[in-house]
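So the sequence lines, in the order shown, correspond to chains A and B. Our numbering numbers the first residue of the first sequence as 1 and each following residue consecutively. Our numbering numbers the first residue of the second sequence as 1001 and each following residue consecutively.
No lab work stands behind these hints: they were computed from the structure. Take the hints with a grain of salt, since some may be wrong.
[To be verified] Computed beta-carbon distance windows for the label pairs:
id, chain 1, residue 1, chain 2, residue 2, range
1, B, Thr-1015, A, Ala-10, 18 to 24 Å
2, A, Thr-64, B, Gly-1040, 26 to 32 Å
3, B, Thr-1015, A, Glu-53, 45 to 51 Å
4, B, Leu-1041, A, Leu-61, 22 to 28 Å
5, B, Val-1014, A, Asn-22, 41 to 47 Å
Think of the CB as a built atom: it goes at the ideal place given N, C-alpha and C, for glycine as much as any other residue.
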Amino acid sequence: SQQGEEDPQALSIQEGENATMNCSYKTSINNLQWYRQNSGRGLVHLILIRSNEREKHSGRLRVTLDTSKKSSSLLITASRAADTASYFCATRQSPYFGANSKLTFGKGITLSVRP
Amino acid sequence: EAQVTQNPRYLITVTGKKLTVTCSQNMNHEYMSWYRQDPGLGLRQIYYSMNVEVTDKGDVPEGYKVSRKEKRNFPLILESPSPNQTSLYFCASSTFTRQGPYEQYFGPGTRLTVT
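Please construct the entire structure, taking both the sequences and the accompanying hints into account.
Laid out in structure tokens, this is it:
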């Protein structure tokens, strides 16, 4: 099963509204990363939050991390039609150097922002 | 310009005909990785490399080979492609520390069809 599972699978909102996407994971992590993918293109890194951080901001993006619940959320404020894309969370499963450096992505959330 | 390049971008081949997809990065990154993306399954890691001559299996390594003889290059080899390897493939690179792989820079993708 996936280490990172995003929720919901699809989200449709009106331009100007906020979009909240969630990611849950199973094992301890060192960091959690969020990515964006426009249709069929390579993923683009949005933000990285470390396991000792609880919240991080970047422009209209706000990411939170709750290690006790093993979950993270990505909030996009004042959404725009150009935010329409798929969003993925990614985690490194083991915190121990060299023990396991796989990076695991979730299945993604499809966000549609209606003009 | 910092970038990850992949070649070819599109490839149609027949079952059993060996092929190589090249990947190159110009950012002096230690960590390189190959992913495949399939509808409904998200992004799955095939192989990764933490540095020259250091490679390890991701979640779906069967049917693939990789090598890391130079820091900038990380080719993906399909010795005997089969139709279930039809997919969209992405190469990515990043810095790597004790905290694990950081922000992944993705290539544009290679769409492979095996008939």
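For each hint, the structure was consulted:
no.: 1; hint: Thr-1015/B x Ala-10/A: 18 to 24 Å; in the structure: violated, 35 Å
no.: 2; hint: Thr-64/A x Gly-1040/B: 26 to 32 Å; in the structure: holds, 27 Å
no.: 3; hint: Thr-1015/B x Glu-53/A: 45 to 51 Å; in the structure: holds, 48 Å
no.: 4; hint: Leu-1041/B x Leu-61/A: 22 to 28 Å; in the structure: holds, 26 Å
no.: 5; hint: Val-1014/B x Asn-22/A: 41 to 47 Å; in the structure: holds, 43 Å
The structure does not agree with numbered hint 1 stated previously, though it agrees with all others.
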